[in-house]
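Throw the hints in and build the complete structure from the sequences for me.
Number of protein chains: 4
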Amino acid sequence: MTREARESCGLFGVHGVRDAARMTYFGLYAQQHRGEESAGIVSADGETLHAHVDVGLVTDVFGSEHLDRLRGTVAIGHVRYGTAGGTDVRNAQPLVVDYAAGKIAIAHNGNLIEANRMRDEFEAHGSIFHTTTDTELIVHMLARPKNVMVDEEGVKYTLSSLKGAFCLLMLTPEKLIAARDPNGFRPLVLGRVRSKGWVVCSETCALDLVKARYIRDVAPGEIVFIDKKGLRSETFCVKRRVQPHHCIFEQVYFARPDSRVFGDVVHEVRLALGANLAKEHPVEADVVVSVPDSGNSGAIGYARASGIPYDRGFIRNHYVGRTFINPRQSDRITGADVKLNPVKSVIRGKRVVVVDDSIIRGTTSRGRIRMLRAAGAKEVHMRISCPPTRHACYYGIDFPTTTELIAANYTVEEIRDELELDSLGYLSV
Amino acid sequence: MTREARESCGLFGVHGVRDAARMTYFGLYAQQHRGEESAGIVSADGETLHAHVDVGLVTDVFGSEHLDRLRGTVAIGHVRYGTAGGTDVRNAQPLVVDYAAGKIAIAHNGNLIEANRMRDEFEAHGSIFHTTTDTELIVHMLARPKNVMVDEEGVKYTLSSLKGAFCLLMLTPEKLIAARDPNGFRPLVLGRVRSKGWVVCSETCALDLVKARYIRDVAPGEIVFIDKKGLRSETFCVKRRVQPHHCIFEQVYFARPDSRVFGDVVHEVRLALGANLAKEHPVEADVVVSVPDSGNSGAIGYARASGIPYDRGFIRNHYVGRTFINPRQSDRITGADVKLNPVKSVIRGKRVVVVDDSIIRGTTSRGRIRMLRAAGAKEVHMRISCPPTRHACYYGIDFPTTTELIAANYTVEEIRDELELDSLGYLSV
Amino acid sequence: MTREARESCGLFGVHGVRDAARMTYFGLYAQQHRGEESAGIVSADGETLHAHVDVGLVTDVFGSEHLDRLRGTVAIGHVRYGTAGGTDVRNAQPLVVDYAAGKIAIAHNGNLIEANRMRDEFEAHGSIFHTTTDTELIVHMLARPKNVMVDEEGVKYTLSSLKGAFCLLMLTPEKLIAARDPNGFRPLVLGRVRSKGWVVCSETCALDLVKARYIRDVAPGEIVFIDKKGLRSETFCVKRRVQPHHCIFEQVYFARPDSRVFGDVVHEVRLALGANLAKEHPVEADVVVSVPDSGNSGAIGYARASGIPYDRGFIRNHYVGRTFINPRQSDRITGADVKLNPVKSVIRGKRVVVVDDSIIRGTTSRGRIRMLRAAGAKEVHMRISCPPTRHACYYGIDFPTTTELIAANYTVEEIRDELELDSLGYLSV
Amino acid sequence: MTREARESCGLFGVHGVRDAARMTYFGLYAQQHRGEESAGIVSADGETLHAHVDVGLVTDVFGSEHLDRLRGTVAIGHVRYGTAGGTDVRNAQPLVVDYAAGKIAIAHNGNLIEANRMRDEFEAHGSIFHTTTDTELIVHMLARPKNVMVDEEGVKYTLSSLKGAFCLLMLTPEKLIAARDPNGFRPLVLGRVRSKGWVVCSETCALDLVKARYIRDVAPGEIVFIDKKGLRSETFCVKRRVQPHHCIFEQVYFARPDSRVFGDVVHEVRLALGANLAKEHPVEADVVVSVPDSGNSGAIGYARASGIPYDRGFIRNHYVGRTFINPRQSDRITGADVKLNPVKSVIRGKRVVVVDDSIIRGTTSRGRIRMLRAAGAKEVHMRISCPPTRHACYYGIDFPTTTELIAANYTVEEIRDELELDSLGYLSV
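Chains as they are written, first to last, in the numbering used here: chain A, 9 to 437; chain B, 9 to 437; chain C, 9 to 437; chain D, 9 to 437.
Keep in mind that the hints were calculated from the coordinates and are not lab data. You may find that some hints are simply not true.
When chains are identical, the list treats them as one kind, so a pair holds in a single copy or across two.
Claimed, not checked - Quick list of in silico lysine to aspartate or glutamate cross-link-like pairs, DMTMM-like style, CA-CA up to 20 Å:
{"no.": "1", "residue 1": "Lys154", "residue 2": "Glu129"}
{"no.": "2", "residue 1": "Lys219", "residue 2": "Asp345"}
{"no.": "3", "residue 1": "Lys111", "residue 2": "Glu129"}
{"no.": "4", "residue 1": "Lys183", "residue 2": "Glu230"}
{"no.": "5", "residue 1": "Lys111", "residue 2": "Asp96"}
{"no.": "6", "residue 1": "Lys347", "residue 2": "Asp301"}
{"no.": "7", "residue 1": "Lys287", "residue 2": "Asp96"}
{"no.": "8", "residue 1": "Lys111", "residue 2": "Asp128"}
{"no.": "9", "residue 1": "Lys236", "residue 2": "Glu182"}
{"no.": "10", "residue 1": "Lys347", "residue 2": "Glu44"}
{"no.": "11", "residue 1": "Lys171", "residue 2": "Glu242"}
What follows is the structure, encoded as structure tokens:
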């Protein structure tokens with residue numbers, strides 16, 4: 009799956025440590041793969057909030073001077089991939105606003121349903137919107153007079169009326185609040201750090217980096233309040249008849265392989281998918297290679313299950329970044345060339361199985377396959393550790409629209425033709 | 009008057025020219041002295057708005073790539089000095105929001121009265137605030153359902169209920185709106201550019217730079233709508249019993265000497281103030297010098313009226329900027345030293361009259377006077393082309409609080425002592 | 009092997025293509041792993057040379073505006089790792105100077121022997137040195153009157169008197185010259201690009217990216233002149249009794265796995281080293297993992313030869329860069345933590361073989377091993393696909409001094425203890 | 009005179025103070041008007057030299073982190089305007105090299121005669137040149153074996169053989185050396201700072217800023233050695249028959265008005281030139297205005313001598329900088345418009361005398377005159393406080409070539425026509 013389509017947002021919150029902002033910086037850094045558009049941290053010092061939010065990578069947005077100003081023992085942070093809303097700095101999160109109950113900061117991972125309708129309703133009642141994010145809509149709901157009156161009850165009431173995918177971190181000058189939608193679409197985990205600190209974040213790889221211990225997942229429909237008196241857990245979803253509905257893309261694409269998501273280590277999940285793929289779509293071949301790094305775990309799983317040797321078919325350039333100069337047309341150098349180069353000695357004369365986690369538009373995959381052909385592959389068999397991506401998902405993944413998804417418009421056989429493959433196999437559902 | 013206290017905000021709007029954003033860039037550049045904190049331009053292309061706003065000087069905030077993206081034949085821009093609200097990028101203007109009637113951008117020069125009370129009321133009804141500016145408050149008022157229903161009438165109704173100082177530029181995808189408060193505290197002028205373009209801006213020096221012709225001042229209580237059909241002027245202030253009440257600081261401090269403000273050329277006003285000062289506070293002296301550049305016009309006026317020769321007593325370093333390295337304490341080099349150096353040959357052995365436009369805290373003035381003493385002045389007589397600044401002004405000038413104003417806490421005689429002057433004279437009211 | 013010790017310099021030259029500088033940019037980008045300190049390109053347009061050289065990565069140093077100014081159909085470029093000379097911009101290459109024969113640019117990969125003695129001799133004769141590089145010494149030799157007189161003969165004479173490791177690219181306004189020392193310590197390859205262009209560079213991965221065809225290695229002792237009349241090859245080393253002496257570190261550490269170096273594909277060499285390692289140091293274990301990315305090929309080789317399954321034991325953070333904020337001491341977060349995270353499910357309860365390409369100081373390796381222990385490894389067996397690094401190499405690799413090399417001061421058994429390993433095996437010579 | 013033509017280089021050296029580099033920073037800052045191309049500081053700590061040199065303004069080139077690294081109690085600095093050599097960073101000064109006697113840094117203000125011939129001679133003997141500056145030539149001369157042998161005698165011998173204009177600062181790890189050419193073309197002054205420090209710099213305005221006391225000018229043909237034992241003065245010019253020959257452009261254009269140059273305060277010199285101009289070229293007029301800031305002192309002198317009132321005819325935009333966006337052609341906004349705006353009330357209907365210090369190409373002056381006409385001037389009389397600039401000067405001023413100088417190609421009467429003036433008067437020699 010290409011970078012454009014694979015990311016989500018990342019959340020990190022911590023309560024009860026010195027230099028909470030600095031720890032949040034590392035927590036975001038570990039989850040940078042979940043969003044490269046913008047980064048932000050808001051800290052609370054008991055009296056007020058301090059914020060720094062900007063577009064760019066965590067290491068671009070924050071310098072020591074910023075972290076020094078973000079005083080306090082509580083902080084929340086966010087890295088964003090634009091699921092809704094463009095790349096405007098005003099869409100960067102956490103969002104910090106004043107409302108009747110004082111100051112609040114809010115960070116959101118997910119996508120609401122019926123957001124546009126609700127937005128229209130608010131506007132009809134005189135509300136103004138500074139951003140195009142769902143997050144601002146949530147703040148408007150929180151700020152409604154009836155909610156504000158009752159504080160924590162108001163928050164719970166607001167959350168119970170939201171539809172869609174959401175993991176939320178909220179920060180007031182005194183309190184850190186974390187919540188996860190009743191379906192549990194997106195991951196949110198709870199950990200302990202140092203002697204008595206609490207951490208809430210999207211992926212366990214952030215716990216690992218800040219030396220926090222994984223305690224448990226925040227449950228679907230759970231809201232957690234953390235303040236000086238400690239942690240309190242409640243359920244905001246009155247009738248708990250909702251089915252948990254984890255987003256499979258988290259395990260297949262988004263999360264880092266070393267993270268534990270929805271209770272399973274992502275790498276293990278992908279190994280198993282690769283093994284299943286080998287069973288569903290076996291082929292006679294000489295070597296199994298992956299499209300780095302998205303196909304790495306799946307390829308190892310496929311190789312183990314099939315008995316075909318695993319090898320490194322492509323080498324990734326470590327310096328691939330954002331500010332690359334575009335080659336002129338005549339150079340015929342593509343972004344794909346810059347990122348990966350095939351290892352000819354591994355490929356030449358071989359029947360190659362190449363494993364990846366998805367095919368979105370098809371253009372990137374075709375480039376990879378042509379590279380393998382140019383490197384001398386005798387046969388190229390592609391295996392995708394996921395079912396065909398046939399429709400855009402409305403729960404927080406910003407896929408290309410359906411018309412752009414190759415699997416939405418062609419049969420597997422047509423795609424095989426289009427990509428000039430000897431065989432193509434998707435994992436079944 | 010020190011830089012910190014002398015600035016206000018600058019507005020520039022243009023309708024009906026190709027590259028409206030580029031012209032706005034120049035219009036803001038000419039008015040940079042009105043605000044160095046942030047700069048922003050929003051353009052309209054008939055369908056939507058395009059915005060770029062950031063902290064910093066106009067030349068720092070905008071590159072060609074930004075201007076190229078700000079498409080359209082209509083644009084408004086703003087340079088800001090923080091009259092209310094800190095240096096956060098979220099306070100930078102124009103503010104762009106979505107509300108029931110669509111998109112609107114708004115830029116404001118002035119300060120509202122009772123802003124905090126109104127803000128509290130809005131919050132009590134569920135509104136949220138992203139910034140600490142009065143401008144956002146105006147947007148909330150505009151967005152109230154009853155206003156929105158009736159469009160232009162709604163805008164007029166909102167303006168009629170505002171109290172305080174305001175010049176406003178508003179931009180929708182189709183229309184440019186300009187308005188000035190009924191007292192006319194702050195300046196706003198109307199000009200024509202090229203064959204059929206309209207310009208609205210704070211100072212005429214911006215008209216000069218973009219080669220626009222000055223037509224007239226926007227009248228107190230006037231609202232101007234400019235769209236494809238042309239310009240329409242209306243009055244939003246139902247009962248026109250309000251007294252015009254121009255802010256004298258505009259002519260004394262804020263405006264560029266080459267601008268025409270409230271009908272008079274600023275330089276001429278300051279010449280006359282200097283001449284009056286010579287009549288009210290004559291002194292036997294050998295030379296009249298100014299504190300550059302704030303006292304330049306006043307000093308020439310004083311010299312002419314008194315017959316004492318004018319000379320250059322201080323030379324200004326042209327490279328004074330913002331990112332200066334602080335000298336260590338031991339170097340005894342002050343910011344004042346870096347900015348100005350006395351011309352010893354002009355000062356030595358002379359009885360010197362030094363003219364400035366204000367004394368705020370007194371520390372800067374004392375530094376200048378010590379420089380003159382160190383350069384060998386026999387006597388130092390300070391003349392201020394303005395009455396003592398005794399209280400902070402609530403109409404848009406961010407003076408130090410009253411406790412910091414030297415004239416609020418000391419008599420003229422005490423200030424003379426404090427500044428180690430042979431004599432001190434303020435202009436009477 | 010740590011980054012600090014593993015890099016060398018990278019060369020790229022091209023003759024006979026439009027936009028030679030732009031192609032050189034890509035050629036350097038592909039070889040960025042050979043040097044991150046500085047980057048430079050010099051182009052020739054038939055009349056003069058155009059240069060841009062600065063400290064930083066290729067993508068930091070060059071923007072489109074620079075490439076546009078580097079006109080001409082011939083260019084050479086250099087990425088540098090400071091084998092000698094600090095990080096001063098003046099040491100960045102190519103070096104461009106004026107001398108009696110006109111302008112010349114020169115780029116060098118390697119280290120000369122007796123450089124300091126020769127430098128002293130030149131200084132005693134009145135020469136001045138602007139840099140601390142060996143490259144400047146070569147230029148002084150080229151500029152000696154007797155060399156200049158005879159042009160190409162002079163260049164050959166100069167090269168024949170150099171001792172040590174050197175691959176050189178030289179550029180005059182009309183001619184590109186490439187040479188390799190008689191021992192052939194460092195790699196240099198020749199390729200063709202587009203219809204009639206020539207490329208000379210350090211590694212074949214650069215040929216791949218610019219779509220050039222590999223022709224052959226530049227031979228030890230060979231000098232190649234490329235100008236409008238085409239390519240001429242000569243031998244500058246009169247008596248060809250010198251033994252070829254390839255630097256094994258090129259294949260073991262420096263080069264990209266997809267490059268062909270000294271005739272062999274690097275990945276294949278490393279696979280074979282891993283396989284030999286499995287034969288020399290077998291162990292009963294459950295999983296083979298690599299230290300990414302330096303140990304990847306070796307680990308696959310070890311796994312294949314030993315029959316123990318290969319798996320991903322560590323996940324690398326893709327965002328590891330240079331401008332990272334140092335965590336405070338109290339955070340106990342190390343640079344190693346930021347770079348890699350173990351996959352607990354792969355490690356827990358397992359007997360782990362971890363493969364890397366070297367142990368330099370030992371501190372980094374100890375960090376990795378502790379990570380594996382913390383992740384629950386039952387046993388940790390380290391295998392190094394190279395003999396112990398016992399002394400600094402004087403042919404162009406800037407190793408830590410001998411006192412810092414752990415293998416120079418301890419026996420293998422002592423290192424095993426120091427690193428808290430269950431077993432440790434180095435490849436024999 | 010336009011900025012392009014008016015600048016020279018600025019030198020600052022200090023011996024015997026803590027934080028010598030920091031004081032040098034301020035000394036350069038005060039002399040920034042002498043060169044905006046590049047800035048550099050080299051410090052000596054008794055053992056070695058520390059350098060930081062780059063293109064840009066002093067405030068752009070240096071941050072606290074640089075000054076902190078420039079350790080030692082002795083330092084020299086340089087700001088450069090490219091009298092010879094382009095804007096390449098390699099031409100920035102001070103130049104730091106190794107030669108037989110060790111490390112030396114050198115900074116130069118002036119232009120040598122016969123530099124190209126000497127350069128060719130050096131190249132013929134095998135020397136290489138990294139820069140296109142005369143400074144490097146001086147270093148080559150210093151490094152010749154016969155000079156090096158005798159140290160201070162060698163320096164004196166080298167200086168005695170130089171022809172042209174030069175003020176030099178040299179720095180070795182132990183010693184600061186300052187020298188001025190026998191004609192004394194360029195200024196160089198000596199001061200004392202704090203209890204026992206010495207300062208050597210181009211203009212006294214730098215002494216003022218660092219709180220140093222002016223002692224005397226360095227004499228033409230004098231060389232000063234400052235080390236731990238104190239200051240020693242010698243004469244390097246054996247036969248002292250040379251005529252002092254001060255560059256009049258220093259007083260007319262280059263220097264800051266508050267500086268004392270060649271014994272006179274620059275502002276006073278310019279007042280006197282303005283007064284002479286009034287005597288030589290009287291005119292009936294209503295107002296005298298200056299082209300800011302180059303004509304300010306001259307205009308005051310003219311006004312006083314003629315009895316015609318002085319007023320501010322143009323207002324200068326304080327934000328004029330380097331990174332300005334070019335207006336599109338259609339905007340008809342020129343760089344001159346951006347820099348200055350006429351004060352219409354001062355000009356309208358008046359007979360205006362406008363004073364400047366030079367006319368170089370004529371294009372800038374014509375722009376100013378047209379502004380005055382557009383502002384309603386009845387008559388425009390230009391007065392230039394300097395003789396016609398008829399030929400490029402070869403002693404360190406980088407004038408446009410003779411063909412571009414308007415006065416070299418036209419009579420005064422023709423220039424008057426060309427500039428559309430009512431009258432034009434140059435000062436006689």
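Against the structure, the hints come out as follows:
Taking the shortest alpha-carbon separations for Lys154 and Glu129, both the intra-copy value of 17 Å and the inter-copy value of 15 Å come in at or below 20 Å. In the homo-oligomer, the alpha carbons of Lys219 and Asp345 lie at most 20 Å apart only across protomers (10 Å), although the nearest pairing inside one protomer, at 38 Å, exceeds that limit. Proximity of Lys111 to Glu129 under the C-alpha cut-off of 20 Å is restricted to the inter-copy arrangement: shortest distance 16 Å between copies versus 24 Å within a copy. In this assembly of identical chains, Lys183 and Glu230 lie within 20 Å of each other by CA distance solely inside one copy; the values are 16 Å within and 48 Å between copies.
In this homomeric assembly, Lys111 and Asp96 come within 20 Å of each other (Cα to Cα) only across copies, at 15 Å, whereas the closest approach inside a single copy is 23 Å. Taking the closest pair of Cα atoms, Lys347 and Asp301 come within 20 Å of each other both inside a single copy (11 Å) and across two copies (15 Å). For the identical chains of this complex, Lys287 and Asp96 are neighbours neither inside a copy (46 Å) nor across copies (58 Å), given an alpha-carbon limit of 20 Å. Taking CA atoms no more than 20 Å apart as the test, Lys111 paired with Asp128 passes between copies only; the shortest distance there is 13 Å, against 25 Å inside one copy.
Within a single copy, Lys236 and Glu182 get their C-alpha atoms as close as 8 Å, which meets the 20 Å cut-off; across copies the closest is 52 Å, which misses it. Taking identical chains as interchangeable, the C-alpha atoms of Lys347 and Glu44 lie at most 20 Å apart whether they share a chain (17 Å) or sit on different chains (18 Å). In this homomeric assembly, Lys171 and Glu242 come within 20 Å of each other (Cα to Cα) only inside a single copy, at 19 Å, whereas the closest approach across copies is 46 Å.
Checked against the numbered hints above, the structure breaks only hint 7 and satisfies the rest.
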